[in-house]
Amino acid sequence: MTFFSHLRKAAIATAFVLGATAVHAEEQYFPLQSYRVGPYAAGGTGFFGGFIDYLNLINIRDGGVNGVKLAWSEGETQYEVEKGVEVYERLKSNPGIAAWNPLSVGIAYAMIDRITDDKVPLITINHGRTDTTDGRVFPYVFPLLLNPYSETSGIVNYIASKEGGLDKLKGKNIVVLYHGSPYGKETIPIYELLSQKYGFELSQIEVPHPGNEQQAQWLTIRREHPDYVVLRGWGVMNPVALKTAQKTGFPADHIIGNVWSNSEEDVIPAGDAAKGYTAITTQASGERYPVVQEIVKTVYGDGKGNLEDKSRIGSVYHNLGIVNGILNVEAVRIAQAKFGNRTLTGDEVRWGFEHLKLNPARVEALGAKDLFHSINVSWDNHEGDGYVTFQQWDGKKWNVVSDWIAPDWKLLRPIIEKSSEAYAKEKGIKIRTAEDADAVVSN
Amino acid sequence: MSYYDFLFVIEVLVGGLLSGVMYSLVAIGFVLIYKTSGVLNFAQGSMVLFAALTFVSLVERGIPFALSLLITFAVMVALGFTIERTVLRPLVNRSPMTLFMATLGLSYIIEGAAQLIWGTQVHGLDLGIDDTPFEVGGILISSFDLLAAAIAAAMVAGLSAFFYWTRIGLAFRAVADDQFAALAVGLRLPRIWGTVWTAAGFVALVAGLLWGARLGVQFSLSLIVLKALPVLVLGGFDSILGAIVGGLIIGASEKLAEVYLGPFVGGGIEGWFAYALALVVLLVRPSGLFGQKTVERV
Numbered sequence: 001m002t003f004f005s006h007l008r009k010a011a012i013a014t015a016f017v018l019g020a021t022a023v024h025a026e027e028q029y030f031p032l033q034s035y036r037v038g039p040y041a042a043g044g045t046g047f048f049g050g051f052i053d054y055l056n057l058i059n060i061r062d063g064g065v066n067g068v069k070l071a072w073s074e075g076e077t078q079y080e081v082e083k084g085v086e087v088y089e090r091l092k093s094n095p096g097i098a099a100w101n102p103l104s105v106g107i108a109y110a111m112i113d114r115i116t117d118d119k120v121p122l123i124t125i126n127h128g129r130t131d132t133t134d135g136r137v138f139p140y141v142f143p144l145l146l147n148p149y150s151e152t153s154g155i156v157n158y159i160a161s162k163e164g165g166l167d168k169l170k171g172k173n174i175v176v177l178y179h180g181s182p183y184g185k186e187t188i189p190i191y192e193l194l195s196q197k198y199g200f201e202l203s204q205i206e207v208p209h210p211g212n213e214q215q216a217q218w219l220t221i222r223r224e225h226p227d228y229v230v231l232r233g234w235g236v237m238n239p240v241a242l243k244t245a246q247k248t249g250f251p252a253d254h255i256i257g258n259v260w261s262n263s264e265e266d267v268i269p270a271g272d273a274a275k276g277y278t279a280i281t282t283q284a285s286g287e288r289y290p291v292v293q294e295i296v297k298t299v300y301g302d303g304k305g306n307l308e309d310k311s312r313i314g315s316v317y318h319n320l321g322i323v324n325g326i327l328n329v330e331a332v333r334i335a336q337a338k339f340g341n342r343t344l345t346g347d348e349v350r351w352g353f354e355h356l357k358l359n360p361a362r363v364e365a366l367g368a369k370d371l372f373h374s375i376n377v378s379w380d381n382h383e384g385d386g387y388v389t390f391q392q393w394d395g396k397k398w399n400v401v402s403d404w405i406a407p408d409w410k411l412l413r414p415i416i417e418k419s420s421e422a423y424a425k426e427k428g429i430k431i432r433t434a435e436d437a438d439a440v441v442s443n
Numbered sequence: 001m002s003y004y005d006f007l008f009v010i011e012v013l014v015g016g017l018l019s020g021v022m023y024s025l026v027a028i029g030f031v032l033i034y035k036t037s038g039v040l041n042f043a044q045g046s047m048v049l050f051a052a053l054t055f056v057s058l059v060e061r062g063i064p065f066a067l068s069l070l071i072t073f074a075v076m077v078a079l080g081f082t083i084e085r086t087v088l089r090p091l092v093n094r095s096p097m098t099l100f101m102a103t104l105g106l107s108y109i110i111e112g113a114a115q116l117i118w119g120t121q122v123h124g125l126d127l128g129i130d131d132t133p134f135e136v137g138g139i140l141i142s143s144f145d146l147l148a149a150a151i152a153a154a155m156v157a158g159l160s161a162f163f164y165w166t167r168i169g170l171a172f173r174a175v176a177d178d179q180f181a182a183l184a185v186g187l188r189l190p191r192i193w194g195t196v197w198t199a200a201g202f203v204a205l206v207a208g209l210l211w212g213a214r215l216g217v218q219f220s221l222s223l224i225v226l227k228a229l230p231v232l233v234l235g236g237f238d239s240i241l242g243a244i245v246g247g248l249i250i251g252a253s254e255k256l257a258e259v260y261l262g263p264f265v266g267g268g269i270e271g272w273f274a275y276a277l278a279l280v281v282l283l284v285r286p287s288g289l290f291g292q293k294t295v296e297r298v
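Protein chains in written order, with UniProt numbering: chain R, 1 to 443; chain Z, 1 to 298.
Please keep in mind that the hints were generated in silico from the structure rather than gathered at the bench.
Treat the hints with care, since some could be wrong.
[Said to hold, decoys possible] Which bits of chain Z does chain R cover? Going by a derived footprint, with three or more residues having C-beta under 8 Å, they are:
1. 122-135
2. 139-146
3. 268-282
[Claimed, not checked] Derived CB-CB ranges, DEER-like:
4. 182(R) x 137(Z): 35 to 45 Å
5. 173(R) x 2(Z): 15 to 25 Å
6. 137(Z) x 396(R): 50 to 60 Å
7. 173(R) x 137(Z): 23 to 33 Å
8. 265(Z) x 182(R): 48 to 58 Å
9. 67(Z) x 309(R): 15 to 25 Å
10. 436(R) x 265(Z): 40 to 50 Å
11. 173(R) x 260(Z): 13 to 23 Å
[To be verified] Sample of chain R residues lacking proximity to chain Z, with all beta carbon distances greater than 12 Å (derived):
12. 181
13. 235
14. 298
15. 357
16. 422
17. 429
18. 431
We treat Cβ as the ideally placed atom computed from N, Cα and C, and that holds for glycine.
Put together the whole structure using the sequences plus the hints.
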């Protein structure tokens, strides 16, 4: 992106903010706490670009959702929590807010109490705190498709599939290299649990933030001779891990990345060291999916595409944004079927999310067959049993190398409930029932 | 201790020393400016980012490697003189804290400008240096790190020669010793500071290329200052030799600490261990191992 294209974009954004954020009747509004500058801008531009591209597709192609136009505006957070909260305070007074989608664990944590008071959904697709999966305690938070515990289970199940079954994990040696942050540490007990259950040896090694130096960790890994290394990284930690693995002689095709170590931005800086590296994902990358092709034809063809660099269309973050767009729009559509084709309240959209059931046939009808598998959200399960797949980097692009894999939800649910119930007790929250969930605030 | 364990210690030590050289590369940029102007240039990390981002963006636009290098150097020279003219000169005779705060602000401006001009995408940087390890007596050594160490050594030798055997180098030293005396004998401080910032820009370019090839060229590149700060505290803010020795000590000790002490305290200690070590040195030798002791008449 050049200086002048930035200026052009800023001018368009300003005009938009001035002109389009005043939501008129029959408009549903998405406030976007985006991050287009700062250390995580590459992910932010991809994700929010994909999200906006899909909203644009619905507006251009369908005239909105059942005639209700979709509107949005952006506030820059630079991925910083205080700025995210500031943007929240600034945008929350806009009418017709459907849902918040910050794509930031820190900002999401800071918003939980606020959005609960406001009765507006907070979507943390593929991230967020795991126990928000329990809709009995967190009525407005939705870690759609994948929470960190399910990710852990999905990765272990994938390694098992490579070894010939879960029983073959016994005696294997797995190292988890995790980012030294609450995000990185969140899965420590689940890896321990799965290690005990399946009998594999486990070492968990921390990399201090930001992770731009990992010589000591990888020499330790080399000494342990593990069968697999799981990379639970973030930002610069990921390419450095791959480069240092090469430097210490560990094969890239035995490194499995988590969902925040799975983008082009994680592997391109590592160059050849990333060839063969495999990572989990909830949505495949590439442009071959009908919905992505429609976005290219309709949105970019109309000059309204959000990505400046068109070569990023179909990238991991862009496709995640598109899938996030699908889930948000379908939740609105489902809520409209119950409450009417009009601008909905946040609580009505919450109800829509709690009935967001897209089976593979519906996903195909939406043009997203093989882009993602399905989702089955309920009032008490806010993750929605998302399936995962694995992609391998060939030096130029990601290639899917597995079927859709189901995490072990039954194993994880009691642990999630234990945590959420402890949270409810600490905060004095009444555990919701199905009847509570059906009571909706409509004004 | 078995032979294998002994080899492992050596491997960690060698890896740490080579990492330390990379820290020194950044620290030298700080030293150059501090030595001649007494300014702790917090913007050095941003200059590293700016240099690397400019270079890689030019290469990606099809400009040949050597020409990109030349253009980037020219940009860094222009940046150095601009900083001297617009930031430092108006702040002459201000307190060190004011100057430090100015460079802190400068750091954010350079980071923002880098992203505004070249965009926010992450770039890979291939310098054509093979990074597969080779084995010496059972110890794996990174060829990239070894070459980086050689480049750092060459740069230190070049800078030392420049300081000791050229007229401008002599002027640098005179300014470093006593700015008022240097002014009194007719040295033109603004020109010298401009040249020093240019030299720091050159160091930033070299560090940017090597660190960029290691991490990828991305915003986080500016965070490498965090690795240079304990090196400076330990080695001394005004000593190039101190930056080298400090880098080696910090690199080796943090790796050994991470491997051997880390497991007892939950791991992930190298981020703060370097600072703890620097703090201990600060308590014993406030000007660092090689820094000039400040004597003031009161």
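Structure-based check of each hint:
With a threshold of 8 Å between beta carbons, the proposed coverage of the stretch 122-135 of chain Z by chain R holds, since 8 of its residues qualify and at least three are required. Residues of the stretch 139-146 of chain Z with a Cβ under 8 Å from some Cβ of chain R number 4, which satisfies the need for three, so the listed coverage holds. Under a criterion of three residues with beta carbons nearer than 8 Å to beta carbons of chain R, the stated coverage of the stretch 268-282 of chain Z is upheld, 5 such residues being counted. Here the CB-CB span from residue 182(R) to residue 137(Z) is close to 42 Å, well matched to the stated 35 to 45 Å.
For residue 173(R) paired with residue 2(Z), a C-beta distance near 20 Å keeps the hint of 15 to 25 Å intact. For the pair residue 137(Z) and residue 396(R), the beta carbons lie near 38 Å from each other, so the given range of 50 to 60 Å is not met. Take residue 173(R) and residue 137(Z): their Cβ atoms lie about 26 Å apart, and the range 23 to 33 Å holds. A C-beta distance of roughly 18 Å is found between residue 265(Z) and residue 182(R), which places it outside the suggested range of 48 to 58 Å.
Evaluation of the 15 to 25 Å hint for residue 67(Z) and residue 309(R) yields a pass: the beta carbon distance comes to about 24 Å. For residue 436(R) and residue 265(Z), the hinted distance range of 40 to 50 Å is satisfied, since their beta carbons lie about 45 Å from each other. The hint said 13 to 23 Å for the Cβ distance between residue 173(R) and residue 260(Z), and at roughly 21 Å that hint holds. Chain Z draws residue 181(R) into its interface by the beta-carbon criterion, the shortest separation being 10 Å against a cut-off of 12 Å.
For residue 235(R), the condition that its CB be more than 12 Å from all CB atoms of chain Z is violated, with the nearest at approximately 6 Å. Non-interface call for residue 298(R) relative to chain Z: holds, since the shortest CB-CB distance, roughly 25 Å, exceeds 12 Å. The beta carbon of residue 357(R) is kept farther than 12 Å from every beta carbon of chain Z, the shortest such distance being approximately 37 Å. Non-interface call for residue 422(R) relative to chain Z: holds, since the shortest CB-CB distance, roughly 23 Å, exceeds 12 Å.
No Cβ of chain Z comes within 12 Å of the Cβ of residue 429(R); the nearest lies about 32 Å off, and the non-interface call holds. Non-interface status of residue 431(R) relative to chain Z is upheld: no Cβ of that chain comes within 12 Å, the nearest being about 34 Å off.
The structure fails hints 6, 8, 12 and 13 (numbered hints given earlier, in ascending order).
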